[in-house]
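Q: So the protein sequences, as listed, match chains A and B. The first sequence begins at 3 in this note's numbering and counts up by one. The second sequence begins at 924 in this note's numbering and counts up by one.
In case anyone wonders, no lab produced these hints; they're calculated from the structure. Please read all numbers here as calculations on a predicted model, not as lab measurements. Mixed in with the good hints there might be a few duds.
[Claimed, not checked] Residues on chain B that point at chain A, a partial pick, calculated with CB under 8 Å: (1) Lys943; (2) Gly946; (3) Val1007; (4) Phe1008; (5) Gly1011; (6) Val1015; (7) Ser1035; (8) Leu1040; (9) Ser1049; (10) Asp1064; (11) Thr1069; (12) Ile1102; (13) Lys1179; (14) Leu1202; (15) Leu1203; (16) Ile1211.
[Claimed, not checked] If you want a taste of the chain B side facing chain A, the calculated C-beta under 7 Å gives, among others: (17) Ile1055; (18) Asn1174; (19) Phe1199.
Each residue gets a CB set at the ideal place from its N, CA and C atoms; glycine is no exception.
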Amino acid sequence: MTRHAAGSVLRKPAEAAPAPVAPPARGRRRRRGLGRGLLLYAVLLPGGLVFASVFLYAVLSAFKPADEVLATPMRWLPSSFRWSNFAEPFEQVAFGRYYLNSVVVGVAVTLLNVVTCTLAGYSFSKFAYRGRSLLFLVVMATMMIPLEVIYVPLYALIFDLGWVNSFTGLIVPAGTSAFGILLMRQSIDGLPDEILDAARLDGAGELRILWRIVTPMMGAPLSALALIVFMATWDSHLWPLLVGSDDAHRTLPVGLAAMQADNAGTTGIPMLMAAAVMALLPTLILFTLLQRRFVQGMTMTADVK
Amino acid sequence: MTSTTVRTFRPARSATSRRKWIGAAFAVPALALFGAFAIYPMARVFYISFFDYDLTSAPRWVGLQNYRYLMDSDSFQASLTATVFYVGFTYVPAVLLALVLAVGLDTRLPGSGFIRLLYFAPVAMSWVAVSIIWRLVLQPDGLLNTVLGTHVNWLTSDSSAKWALVVTSIWKETGLFVILFLAGLQRIPPELREAAAIDGAGRLAIFRHVTLPLLKPVTAVVCVMAVIRGCQSFSAQVVLTGGSFDTEVINLYVYKTAFESARMGRASAVAVLLFFVLLLVTIVQLRIFRSRER
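In isolation and in its complexed conformation, chain B is listed as follows (with noise of 0.2 Å):
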């Protein structure tokens, strides 16, 4: 009796460890992959920084010489302005009008499957495809002007480019967010709406008090996502501007400073300060939202 279950549990255990192995092993293609081509370039960016390297000659140690220009650069700082611009008016009305629409979309009435893909759509084309039609929309003589009655120079002049950027990503973007919010709301079990109209709550303090604070984990990833997709933003100012007119927002400092000027150094200083400031952002947004469910 005794012999055979000795028997029988010391290859198990065996077995295990040897699965363990094996389950670890799966791991590695990823791992790898993250090392290779995320973890050691992350690693780099911070040591490149602190040289002047034109990717063909040997690095050149320069200390905090590259940080120090970026301080005293009107172009990075003016990349620095039209980044928070663009951010700031493209994705705080894009996530609100969002909030409306998910709002309002949130019924299985006729039709209004149809209603969300008309406002889906633009989520699943490329941003390249929408900036070169939006190009033709934001033309003297295109449909935005026509629309609005006004011969806006949207793509020529310093005070309307930021807008034209603006309005073809808020066109771009808003949709995603509606899917987001949309998902959210639907997770919401219907009987608390039911249970605060019941008790006599109107339709407004509803949302306020039920759906809005229900909301928040939703809200909070929306948010985060915002800012770094903002951050990211380059093809649509590359197709509709090419960074002229106060539209050279940061990404697309980055891409110029490494590739038409050839400072790979100079270039990595402003993708730290952007990491830091992602970072700093994120976490200061997850707080807001964490601290206010309490």
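Only chain A is shown next, with the shape it has when bound in the complex (with noise of 0.2 Å):
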């Protein structure tokens, strides 16, 4: 009681002594925000214009005839729109395969690194095992091991296991990741214990316990994980080029660069450039919409050192 009165008494002075000075500070305020407008409509906007007139130009240099793609003096928009560009890929090479190989490899390892995070992640949150937080340091080790110190000794593995151009090979390997243990970890942690106790009391066992309860809370860091391992598999290039580099096993990337390699000239630029416009357009499409949780992903992992 005295200690709430004492509060209010303290508050009121404090909240009142600003008054006097407050209609300097809105001024200071306002200018601020008129500042902050000018920077950003007159100069964030055109720059942000002239950093994406890049992909513009590149898509309407998809629509152009071979020979308007480098004319000089140089010209924005196409003569006539030729939307056969985005059928030759198709029709030249197995850019369809390359497309339908994608998107099987990309959520193949995304459902794979959701499983298996969401189970390392629970463990290495809510039980307390002898030897956890040993082998939860030894997995964020691992996040100073790129693939490009270890893909020499790695595909030689795959080579002995016979995965070489297989989507075991292309998919099983990335399988699991430190970054996604830890948000898993990070986000279950916020699960106070008691919910798990109750159902544990009505014997639900730890398994279902993951499924109908754990799971259900964490759609926002799961989806942050899944976009995230998907945008970095779709992007991935090394790997396949290593394990799938057959027709039957390229992924976009790899596909893409191949197709790069054959059309030296100046011919199958149009072509090229509708390629790259539809294997890029998936991952720029859900990155546009799921913005958020993939500042969240990147944000959530990066505040623990």
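Work from the hints to combine the two standalone chains into their complex.
A: Structure follows, in structure tokens:
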């Protein structure tokens, strides 16, 4: 009671104090707002348009006849929009196949990551077994091992397993991630133990608790994890080049790079642009729609260090 | 009374130990994958680096010969130079530019979401697709020369190919760092900056003495990420130059050594050196940012 009263007594002058200062502060804030607006609309907007014009240039070039892409003086718009450029990759190379492979590998790797990272994150968060912190430390230490350091022996291993030019080789080695485990552990840490204990008292098994209680509350981190893993897999080039370079297993990056190498002249440029634009659309759309999840996932894990 | 408490207590205890085992088992799939596809290859990369190995015939022990070869190899030295050039001239400007952009974009004014997206979009595009697009932009009659009014052979000369890669990569990477900085900025309580403003601090002073120190943890993450991503660069070089014109960065060097010359041992030795460099740079960076915090 007394503390409450004291609090309110203390609060009053504190609230009252800024009142005489308020007019200049508000004025400054308005000026700051004006400066912000000017910066945003007069500098960052034009800058952004220049930045994005590269992409627009690529999209418009994808519609041009071959002799217009590098015409001098440069023209932004094609004389007529050639939609057939977008059909060409499917006719000249197995572009549909590459696309399908990218979708299959992307979805499979994402699902595997969602499962393994949720299980491991739950394990590291809610069970006090011996060696837990050591194991978690080992997992985090693997973040310091980029693919670039280990891909030679990793390839040798996949070679020995007979997984070269197979979907197993493309998918399984990417089946979990330290980043994902960290993200899921951090998120599950926020769940109160009481909810889990209540479910245990009702006789629910651990897997059932994970599936029925934990997972439904993890919508945000799970979609962040799925988005980030899918985008990374869609972008992945080096590993698929090693273990899936034949036509039946090529993903889009491998297929695109091969198309580029086979079409060094200018005649292939519109087709290449069409292929590149088609290849980057799925992740661009996903990212645009789920931008906030991407940011969430990236920052939740960046927080720990 | 006592007997009932004992009776309920005992199964509860065995249930907790059983529960612990189940909980530990949940980590097994991830741990198995890490063991097989990260930790085992990590151990192997050290081991193979002491062998001459072409994947098909039996490895032959050569001791430190692979490392000695690298010390004298001009092409290895060149790949180090190319990597340092690429990482430095791409990621230092990209991070600084990202910081400035993030400060400007940290607002809720109408249209700011759209403007942000203009800068973020390359983050969502794959490296190979971006590189193919930039290959056109960088043609002698392409967009870049047209805009600059120059006639540079961006992709086919020793002096400019490395800059072509730098420009392409800054375009691709800046957005990612803007995202991270922006998230960091939005977590700084606005009261702190307002309080500094009321105390009469100018905008620049607020940025230097309030915003920047509070951004330190994010900056640390961004810098570590930048170096690691820079050393991983591969697709842009493959598509834009194929590694010619002084652009054969370390990762491309490893790839060519292992899979074009079939020298797995020598490639592993490079990978080992790369690992230690990355580890060292990461530790140094984290230490710098931590010590400044105190």
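Q: Now, for every hint given, state plainly whether the structure supports it.
A: Hint-by-hint comparison with the structure:
For Lys943 of chain B, the interface hint holds, the least distance from its beta-carbon to any beta-carbon of chain A being 4 Å, beneath 8 Å. At about 3 Å, the closest approach between the beta carbon of Gly946 of chain B and any beta carbon in chain A falls short of 8 Å, and the interface hint on this residue holds. A hinted interface residue such as Val1007 of chain B counts as satisfied when its beta carbon comes closer than 8 Å to some beta carbon of chain A; here the least separation is about 16 Å, so the hint is violated. Interface hint status for Phe1008 of chain B: violated, as the beta-carbon distance to the closest one in chain A is roughly 18 Å, over 8 Å.
For Gly1011 of chain B, the suggested interface contact is broken, since its CB lies about 18 Å from the closest CB of chain A, more than 8 Å. With a cut of 8 Å, the hint placing Val1015 of chain B at the interface with chain A is violated, because the nearest CB-to-CB distance is about 19 Å. Restraint check, Ser1035 of chain B versus chain A: the minimum CB separation of about 6 Å is within 8 Å; hint holds. Against a cut-off of 8 Å between C-beta atoms, the interface hint on Leu1040 of chain B holds, since the closest Cβ of chain A lies about 7 Å away.
For Ser1049 of chain B, the interface hint holds, the least distance from its beta-carbon to any beta-carbon of chain A being 4 Å, beneath 8 Å. For Asp1064 of chain B, the shortest C-beta to C-beta distance to chain A is roughly 4 Å, which falls under 8 Å, so the interface hint holds. With 8 Å as the threshold, the beta carbon of Thr1069 of chain B comes within range of chain A, its nearest partner Cβ sitting at about 4 Å, so the hint holds. Look at Ile1102 of chain B: its Cβ gets to within about 6 Å of chain A, closer than 8 Å, so that hint holds up.
Against a cut-off of 8 Å between C-beta atoms, the interface hint on Lys1179 of chain B is violated, since the closest Cβ of chain A lies about 12 Å away. The beta carbon of Leu1202 of chain B comes within 6 Å of a beta carbon in chain A, closer than 8 Å, and the hint placing it at the interface holds. Among the interface hints, the one on Leu1203 of chain B is violated; its C-beta lies about 11 Å from the nearest C-beta in chain A, farther than the 8 Å criterion. Taken as an interface hint, Ile1211 of chain B does not check out: its beta carbon lies about 13 Å from the nearest beta carbon of chain A, beyond 8 Å.
With its C-beta approaching chain A no nearer than about 4 Å, Ile1055 of chain B sits inside the 7 Å limit, and its interface hint holds. Contact between Asn1174 of chain B and chain A, as hinted, is supported at the beta carbon level, the nearest pair being about 5 Å apart and thus within 7 Å. Against a cut-off of 7 Å between C-beta atoms, the interface hint on Phe1199 of chain B is violated, since the closest Cβ of chain A lies about 10 Å away.
Hints 3, 4, 5, 6, 13, 15, 16 and 19, counting from the list given before, are not met by this structure.
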